[in-house]
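Quick note, the sequences are listed as chains A and B, same order. Residue 95 in the working numbering sits at position 92 of the first sequence; the count goes up by one each step and never skips. Residue 406 in the working numbering sits at position 339 of the second sequence; the count goes up by one each step and never skips.
Take the hints with a grain of salt, since some may be wrong.
With a straight-line Cα cutoff of 20 angstroms, these simulated PhoX-like cross-link-like pairs (lysine-lysine) come out [as the list claims (entries may be wrong)]:
| # | chain 1 | residue 1 | chain 2 | residue 2 |
| --- | --- | --- | --- | --- |
| 1 | A | Lys156 | B | Lys501 |
| 2 | B | Lys290 | B | Lys318 |
| 3 | B | Lys189 | B | Lys167 |
| 4 | B | Lys450 | B | Lys487 |
| 5 | B | Lys501 | A | Lys311 |
| 6 | A | Lys156 | B | Lys496 |
| 7 | B | Lys243 | B | Lys329 |
| 8 | B | Lys495 | A | Lys156 |
| 9 | B | Lys290 | B | Lys243 |
| 10 | A | Lys178 | B | Lys502 |
| 11 | B | Lys438 | B | Lys408 |
| 12 | B | Lys412 | B | Lys438 |
| 13 | A | Lys178 | B | Lys487 |
| 14 | B | Lys236 | B | Lys248 |
| 15 | B | Lys501 | A | Lys178 |
| 16 | B | Lys194 | B | Lys408 |
Not close to chain A: a few residues of chain B, all C-beta gaps over 10 angstroms, as computed [stated by the list, open to error]:
| # | residue |
| --- | --- |
| 17 | Gly137 |
| 18 | Glu261 |
| 19 | Ile263 |
| 20 | Arg506 |
Hints are computed from structural coordinates only; laboratory data are not their basis. Using N, Cα and C, we set each Cβ at its ideal position, and we do this for glycine too.
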Amino acid sequence: MLYREAGQFKTSYDADQQIFPIVQDRVFVIAVVLAAFLVVPLFASQYLYTEILIPFLILSLAAVGLNILVGYCGQVSLGTGGFMAVGAYAAYNLWLRVPEVNNLVVVFLFGGVMSAAVGILFGIPSLRIKGFYLAVATLASQFFLDWLFARVKWLTNYTPSGSVAVGETSVFGWKIDTPVERYLFVLAFVVVATLVAKNLVRGHIGRSWMAIRDMDIAAEIIGFRPLRTKLSAFAVSSFFIGIAGAMWAFLRLGAWEPLAFDINRSFQLLFMVIIGGLGSLLGSFLGAAFIILVPIVLNQLPGWLGIKMSVALIGHLEFMVFGAMIVFFLIVEPHGLARLWAVAKEKLRLWPFPH
Amino acid sequence: MRLGKAALLGAVAVAAGFVATASTTTTAWAQNEQYLAGLIYRTGAYAPNGIPFANGIADYYALINARDGGINGVKLNYEECDTAYATDRGVECYERLKNKGPTGTAYVAPLSTGITFALTEKAPIDKIPIISMGYGRSESRDGSVFQWNFPLLGTYWSAADIIMQHIAKKEGGFDKLKGKKIVLVYHDSPYGKEPIALLEERAKMHGFSFTPMPVTHPGVEQKATWLQIRQNRPDYVLLWGWGVMNSTSIKEAAAVGFPRDKMYGVWWSGAEPDVRPAEGGAKGYNAAMLQHGAGQFAVHNDLKKYLYDKGLGSAKWDETGEVLYIRGLINGMLGVESIRKAQTKFGNKPLTGEQVRWGIENLEISAARIKELGFEGVLQPMKVSCSDHEGTRAGRIQQWDGTKWTVISEWYESDDKVIKPMVEAAAKKYAEEKKLPIRDCSKEN
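If we strip away everything but chain A, and leave its shape as in the complex, we get (with noise of 0.2 angstroms):
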C-alpha cells in the first residue's frame, strides 16, 4: 500500500538512471543517512560509538571492499586482513614519519592507494588460476603481509614488542578525540566510499566485474580484457580494504598489532559478505551488523533478561547460539540477508492483498 512505484514515472533517461528510481526507496536511504547523522548523536551513549557504531561501519566499508572483488568479480579471497595491515602500516608510517601530513583524510587515502598497490601485485596470479586455486594464492598474501608486519621492523619504528600506537589525530585542523567526532568522521567517510563503489558496479566498470564473474571467457570473447578488469577489481576492492584498515586501526583500536588483522579477520569479513549476500552493497552492511552485532547482543542478553549465570556460560552460549543462526540463515535464505531485504519488499508491494 505504503511501498508501491505505480505512478512513477520515468520521462528522463537521468530519472531512470537513478541510484534508487522508487521514490520510497530514495526517501528511505536519504532518511537514514540523515538520521545517523543528526539524529544518534542526540542520545548515543559512549559505549554504543566505540563498541557498535564506529566497528560496524568500519568493517561495514571493508565488506563494501571484499563484495567487489568475491560478490561482484568472482575472486574469491581470503588476503582481506593483510589488505586492511597495508592500509593499517601504510597509514601509521606516514602518520609518523611525515608529521606535517596531520590530516586523517590524506592519511587514510594513502593507506588506501598502498593497500591498491599491494591488491594489484596479489592479483597478477588471478589471471591464471581460478576459484579455489586463487583462495589458496590470496591465502598465502596473508601469511607473507603477517610476517612482513611481524619481522621488518622499520615498518613498526622498531618498537620492542611490534605494538604500535598512534597519538593526536585531526582533520584540516579539526581534532578528532572524542567518541562522536570519531563517529561522524568514520559516518562521512563510509557513505562517501560507498556512494562511489555504488555507482562504480551500477557503470561499465562493474558490469565488466561482473560479465567476468559470470564467465570470463564469454567476457573476453565480447571484448573485455581479463587483465585488466580483474587487475581494476583488485585495486578498487584493496582500496575500500586499505582505508578500512587504517580507519580500524586509527579510529578503533589506537594501539594494534599484526594480530588485530589475522587470518580471522579475513574469514570474518568473508562471512560477513557470505551471509549479507554476495554482490549486493546492501549486503555488506547487514552481513557486517550480523557479525558484530550478534555476539554482543548474545553475550549481553541474559542480563538485560536478569538471569544470573556464569560469564562461562554465557560465553559458551554465545558461541552455540550465533552458530546455530548462521546455519538457520543459510538454510533458509542462501542468498544472504540481502535477498531477505528484496523479499521482504516484494511482499511489501502486494500488502495487505497478497493473491
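Based on the hints, put chain B in the right spot on chain A.
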C-alpha cells in the same frame, strides 16, 4: 514460502535485538558500593590458565566482603566480563563496564598483554588506572610518562633478567656466559616479543649468542622450532609461552631430548596447567616466579572459613594452592590495598579511578602488613612511587618435580643498572611519538 517467512521473522527478531542494544538500560546502583570490573577469560584457547586466575580474584573480593564487610564499610561490587583473551573483545568488555556503579570501576586488570596495550591508550582519557601485574609494556613502569599504568611486582624485563641472573649463577658468574648459546622460544605477539630487547642487551654485555624463535598463536605446531633447537644445541632455552603452547614446548623438548632442567619459563609459563599435560616430560622444568608461588598460606585459613566451608568459593578447594589462583588472589589484594590507601586521603566512600590511581602510586606494603594480610611467604615488601610503578623487582626460580612446584633459588632482584636506562629510553620514545607531556617525578608528593 514457509522457509522464507521463517527467515523474515528471524531477521525481524534479530533487528529487534539491535534496537534493544541501542536503548541503554539504566540500572539503579547501591550508592555505597565500590564497583570493580573484571576482564577475565573462562572460555577460549587460554581458558585452562584463565579460570584459576579469575577464581582467585573473585574469591579475594568475596572474602573482603564476607570477612570485613568491604573496605572500611564500602562493599565491593565485582562484575566479570569474558574476553576470551581477544583484544577487541576485551576492549568491548572494558567499554561496557567502565562507567558502571556510582563512580565507575576503580581500576582494571586486563590480564592480557594485547588488551593492556589497547587500554593504555584509553586510560588517560577515561582516568582509570591499569594494574597489569607482571605483564604489559615493560617501559610502562616509568610513571612520569605512563601515569596510569602499574605493572606491579615486575615486568617482562625484570623476569628475563632474573632468569639470566639465575643462569649466570649456575654457570659461576656472568663472565662465564661468554660463548654460550641461549634461545628464546616465544609466543609471536607483543607479549612474547617483550623480553627480546633485554636479552639482546644482556647478550651484548656478556658475549653470549642469543636467538629468538617465534611460535605462532596458539602454539600447537612447534616441530620446526624444536628441530632447529636440536641442530643448534643451545645451552639454555627460555620459554615465553601461554596456554597450550607451554605444554607443547615441554613435550617437544622431551621429544628432541633437550634437558628440561635447562629450560626456563616466564611466570605465564610456570603454572600447573602448563606442565601437567606433559606428564613425566616436565620433570625438572624451571620457571621464574614474580613473587607468587604455589602452596597454602595464612590467607587460605580465612578463605576456608568464610567461603569454602559455606560453599561460596568459586574454585575447588584443592585448586586454591595453584600458582595462577594465588596470582589472582595477589592481584585482588593489591587492588584492595590500593583502594584502602586511597581512602585514607579521599574518605571511606566509593572512589573514582583517578582517586584510586593516587592510592596505587602511593601504595606501600611492609613485611608486617604482608603478614597481617596472610600473604607471608608469598610476597616481598613493596613500595610504589611516581618514578617506579613496579613496586618491587624481586623474584625466585621454581622447579617442577613431577607433582608440584618447589622453589629452588633464593630471591633475585633484577639489575636496575641494565633495565632503568632501557625503560627511560623506551618511555621517552613513546612520549615523543605520541607527543605526551612528561611529569616531573621529583615534584610529586
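Hints versus structure:
1. A:Lys156 - B:Lys501: holds (19 angstroms)
2. B:Lys290 - B:Lys318: holds (10 angstroms)
3. B:Lys189 - B:Lys167: Satisfied, since the Cα-Cα distance of roughly 17 angstroms is no more than 20 angstroms.
4. B:Lys450 - B:Lys487: The given pair, whose Cα atoms are some 17 angstroms apart, holds under the 20 angstroms limit.
5. B:Lys501 - A:Lys311: violated (43 angstroms)
6. A:Lys156 - B:Lys496: holds (15 angstroms)
7. B:Lys243 - B:Lys329: holds (16 angstroms)
8. B:Lys495 - A:Lys156: holds (19 angstroms)
9. B:Lys290 - B:Lys243: Answer violated: B:Lys290 to B:Lys243 is near 31 angstroms, above 20 angstroms.
10. A:Lys178 - B:Lys502: holds (14 angstroms)
11. B:Lys438 - B:Lys408: Measuring from Cα to Cα gives roughly 17 angstroms; hence the hint holds.
12. B:Lys412 - B:Lys438: violated (24 angstroms)
13. A:Lys178 - B:Lys487: violated (35 angstroms)
14. B:Lys236 - B:Lys248: holds (16 angstroms)
15. B:Lys501 - A:Lys178: Answer holds: B:Lys501 to A:Lys178 is near 14 angstroms, not above 20 angstroms.
16. B:Lys194 - B:Lys408: holds (18 angstroms)
17. Gly137: For B:Gly137, whose nearest Cβ neighbour in chain A is about 21 angstroms away, the distance exceeds 10 angstroms, so it holds.
18. Glu261: violated (5 angstroms)
19. Ile263: Since the minimum Cβ distance to chain A is about 7 angstroms, B:Ile263 lies within 10 angstroms and the statement is violated.
20. Arg506: holds (17 angstroms)
Of the numbered hints stated above, those contradicted by the structure are hints 5, 9, 12, 13, 18 and 19, listed in ascending order.
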